[in-house]
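Chains as they are written, first to last, in my numbering: chain A, -8 to 104; chain B, 5 to 114.
These are computed hints drawn from the structure, not numbers from a lab.
Incorrect hints may have been included.
In the PhoX-like style, the derived pairs of lysine-lysine whose C-alpha atoms are separated by at most 25 Å in a straight line are [to be verified]:
1) A:Lys59 with A:Lys33
2) B:Lys30 with A:Lys33
3) A:Lys33 with B:Lys17
4) A:Lys33 with A:Lys96
5) A:Lys(-8) with A:Lys96
6) A:Lys(-8) with A:Lys59
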Amino acid sequence: KQEVTQIPAALSVPEGENLVLNCSFTDSAIYNLQWFRQDPGKGLTSLLLIQSSQREQTSGRLNASLDKSSGRSTLYIAASQPGDSATYLCAVKFNQAGTALIFGKGTTLSVSS
Amino acid sequence: DAGVTQSPTHLIKTRGQQVTLRCSPKSGHDTVSWYQQALGQGPQFIFQYYEEEERQRGNFPDRFSGHQFPNYSSELNVNALLLGDSALYLCASSFGGQAFFGPGTRLTVL
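In isolation and in its complexed conformation, chain A is listed as follows:
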């Protein structure tokens, strides 16, 4: 069964700190991996998409890496700001799961000023 796990479930940091969010998945045969941001009670905003053949993607202060062999991805946020406070979700499209995205439960980030 394909599963996605995100650790930690919650994280609190002071403004300006660099931080790493972790995502692990049970099957290395993936099509792609996507990181999303979700504000309370809102929909999902796509942050970064990493295709199976890629090792990392960058957008502004965000950098996502992918290591299929170990079943891990990390989302690095540089110089965190209070506006980064949200829940970050990792979603994997497994080859054996068709077109469905399999989500982790997310990491809730709180950045204090």
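Once you've looked at the hints, dock chain B against the given chain A.
Okay, now just chain B, sitting in the frame of chain A:
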């Protein structure tokens, strides 16, 4: 481009009733997926529509059904509502493997 839109924003129903949620995909996207997100959980895949056909279905009962129209918009129907159906229902459209989500419909079943 308005992005993915969903209606209504919020909905309150009682047990046993039926509900219809609506979704319009991003311009140029022909594939629509529906997800259910319970409080504190990640979204769970319900089903996906492509070319007006259900292409894939997740582990949800037959009470959950859908439809896609020729303009690619989609509906999610849930019959015989249960308290456990209370959740945020998210619609996503996709292109090139990347999914874009709408703001969701918050369904409360009393």
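The hints, checked one at a time:
Taking the CA atoms of Lys59 of chain A and Lys33 of chain A, the gap is about 30 Å. The hint is violated against a cut of 25 Å. The hinted pair formed by Lys30 of chain B and Lys33 of chain A meets the criterion: a straight-line CA distance of about 18 Å does not exceed 25 Å. The suggested pairing of Lys33 of chain A with Lys17 of chain B holds, with an alpha-carbon distance near 20 Å, which does not exceed 25 Å. Under the criterion of a C-alpha separation no larger than 25 Å, the hint pairing Lys33 of chain A with Lys96 of chain A is consistent with the structure, at around 15 Å.
At most 25 Å may separate the alpha-carbon atoms for a hinted pair to count; Lys(-8) of chain A and Lys96 of chain A meet this at roughly 16 Å. Using a Cα cut-off of 25 Å, the hinted pair Lys(-8) of chain A and Lys59 of chain A holds, with the two alpha carbons roughly 17 Å apart.
Going down the numbered hints, you'll see the structure goes against just number 1.
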